[in-house]
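Given chain U's structure and the hints, the job is docking chain G onto it.
2 protein chains.
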Amino acid sequence: MENSVKKSNEHSGEEDKERDIQENNNGHMCLAITNCNGETHAKLDEIITHYEGTLNQKISHFLGYPTNQNFDYDALAPLLHFHINNAGDPFMGSSYGVNSTDFEISVLDWFAKLWEIKKGEYWGYVTTGGTEGNLHGILIGREKFPDGILYTSQDSHYSIFKIARIYRMQCIKVGTLINGEIDCADLKTLLLAHKDKPAIINLNIGSTMKGAIDNIDMVIETLEERGFPRDRFYIHCDGALFGMMLPFLEQAPSITFKKSIGSITISGHKFLGCPIPCGVLLTRLEHINTLCKDVEVIGSRDTTISGSRSGHASIFIWYALQKKGLLGLENEVHKCIMNACYLKRKLRDAGICTMLNEYSNTVVFEKPLDCEFIRKWNLAYEGDIAHVVVMQHVTVEMLDSFVDEFIKTRLRKPLCLADKIGAENCTCILHI
Amino acid sequence: MENSVKKSNEHSGEEDKERDIQENNNGHMCLAITNCNGETHAKLDEIITHYEGTLNQKISHFLGYPTNQNFDYDALAPLLHFHINNAGDPFMGSSYGVNSTDFEISVLDWFAKLWEIKKGEYWGYVTTGGTEGNLHGILIGREKFPDGILYTSQDSHYSIFKIARIYRMQCIKVGTLINGEIDCADLKTLLLAHKDKPAIINLNIGSTMKGAIDNIDMVIETLEERGFPRDRFYIHCDGALFGMMLPFLEQAPSITFKKSIGSITISGHKFLGCPIPCGVLLTRLEHINTLCKDVEVIGSRDTTISGSRSGHASIFIWYALQKKGLLGLENEVHKCIMNACYLKRKLRDAGICTMLNEYSNTVVFEKPLDCEFIRKWNLAYEGDIAHVVVMQHVTVEMLDSFVDEFIKTRLRKPLCLADKIGAENCTCILHI
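One line per chain: the protein sequences are U and G, in this order.
Counting in the UniProt record's numbering, the first sequence runs from 1 upward without gaps.
Counting in the UniProt record's numbering, the second sequence runs from 1 upward without gaps.
Chain U with its partners taken away, still in its complex shape:
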């Protein structure tokens, strides 16, 4: 969206009034805040209704990002009358009385069961999103191993590299296999070269672009082989989207605290669907107790990153879990995976290079050349490849229209993408 804001240098009201609300040349509403006396409800309603229309339009072509846009929280609208704040540690209770920590703890208990860690042995909280979950998980690792090196695959979410920089940690990028999964052979070499320092490892469950799942078991094996016992490594699992999906897929790799991992985080606005970005972080209680000791020096049990935390986020997640139930979630996971397979087949049938990892709803294909087409369908891309993440709001009809239009706007022979998504997925003249 272009910036359609009016430029006005003074907070004066009258002279700007007539321009208010009118649409500018781009068809956007003018949103500048200029009326000293406050705007009328009617004018504001007009803007919001117009904006709602724009959003509906966008949602109908929303394919490229892993956010579920199919949810209904109308029953929670009355709670918009309150500022609900779960400031601080959910397990300590909050002196801020208008909180929803009871809902938060129900949510955390549910995830503890999902990821197989007992109540009383875990700690966690509802975050503002995936980045805060990663900030917290990696901070635990760093506090445990102040001179530890952060290892993460080159396909990791951009937040991981930002966090390393913010935290002043040495960060080593590990290579990936062609499917986007961490390359344990490369990890082995890198660990060997830095065996004097503990390893803090971020694993992608799955990766942002290719939906690849790093192999937890193989990473732990690699660590052990290289002489890193359990007390010299810390593994954080960035499970933004798949952390919530894999438990519902038979034979999928298990994401569980029965393995030697330290923390898992997922995003609430991804698979579950939520109006605001949010997430869940779970770790072992022993880690947070270590962290707390340090925090007590500054006179506070300030165990979260953000301090003030949205009470609504916990209620949204709680409500979604309650409404869907385990069976509802399972059905949704299967539907997404099935539709992703459908899209893969359609693209392949149309002669377009396409890759779909196992247990993944992220369909990777050649980046379309037409910018307008990319924008219209909200595709995410990187270099020569683009992807569609098949979430709950994505229907077969949407996928059909998408593929039909793709074919129509595609005026070239397939690119060779063998080095990016594998020869078996490439439809170029050499690999077909």
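It is possible that some hints are incorrect.
Note that identical chains are pooled: a pair holds if it fits in a single copy or bridges any two copies.
Said to hold, decoys possible - Derived lysine to aspartate or glutamate pairs resembling EDC-like cross-links, with alpha carbons at most 20 Å apart:
(1) LYS195 - GLU52
(2) LYS323 - ASP45
(3) LYS144 - ASP404
(4) LYS43 - ASP72
(5) LYS413 - GLU286
Rather than coming from a laboratory, the hints here were simulated on the basis of the structure.
Okay, now just chain G, sitting in the frame of chain U:
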């Protein structure tokens, strides 16, 4: 709130069903998520309605925290149907199409005018709250001066000390005057002892407990006197509550980018009022450009801390500013200050040690002994002192009831608080 969550070790549904929704011994609803098939709307509605009643009850006695609970965003309820995400830099546009960056930029432009910095010279974003604003402002300071020392008064918000630790920065606590304001004489001494390193300074506009306003002009003067020219210091202003109020109070110290400050942050859920925690950070564009250069190395214009950011937060703030207008905001500020003066008088008339800083709505007094009274009125306290923050939802009737009850439950002579709030505010036998 105590944790009323049921303990159940399995995700099994049937055996738990009969216990669902029933109230436990504490009168709380049971919130555990146990039904595999999903809960009925009726049951969930019952829980939400009960919770809404609890919140209404709490709001009617909500005095201790600086959050405005008097707002109405019913008109925005239809937007709860969308996940709106302003991922990334608001000025770069987002490839995530379902965004509200147009609203966000209108909000930022409004604050730029309020704090006197021209469009084109500032950069900023809508944050998840005060802590993220501080995280960002102090990060800019650290990236500008990698070996800089963070100075902040001992009365600063707990997030500042947490940030120093997270960022691996040397942090020096500066003493305060009795009113809670930074002690520039102490700052002078500390700067002298560390004059070889640049200074990154966090200022409280105002402080969490006493509502004290650090004197920006005097701090800048102190820096200059001690041989710190403008290119050797960075000032971040934590204006969580007052950053939004002082501009509407005649003769109050001005919070403006015309002074040598680097960034200002406020919380959206404090003075303005908002269901979810959020905030605004503004800085000089030159700083963010420096930050960006580094970020580009990792292949991204990833200029915010949180990455995925709530689009609703920007719309809430935008809506509040539009509806109130400058005159509406001014009236609200005056009402809060007037009611704070009223409370101060009432407490003093009752013989209770009380302090109220100039331009402040934070009334400080002796900590009540009765825990139930503290809990009922949601008072915040520290050591021997407690406070009421007189926000928009606080009526004269609430204050009258509060003081009446305080007097009734107070079965002692006034403590001497001369060393905490000044002899002139103390009502003990020595100072009356």
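Structure-based check of each hint:
1. With identical chains, the CA atoms of LYS195 and GLU52 are never at most 20 Å apart, being 55 Å at best within one copy and 55 Å at best between copies.
2. Taking the shortest alpha-carbon separations for LYS323 and ASP45, only the inter-copy value of 11 Å comes in at or below 20 Å, while the best intra-copy value is 31 Å.
3. Taking identical chains as interchangeable, the C-alpha atoms of LYS144 and ASP404 are never at most 20 Å apart, the minima being 53 Å within one chain and 51 Å between chains.
4. Taking the shortest alpha-carbon separations for LYS43 and ASP72, only the inter-copy value of 16 Å comes in at or below 20 Å, while the best intra-copy value is 26 Å.
5. In this homomeric assembly, LYS413 and GLU286 never come within 20 Å of each other (Cα to Cα): the closest approach is 56 Å inside a single copy and 45 Å across copies.
Consistency note: the structure conflicts with the earlier hints numbered 1, 3, 5.
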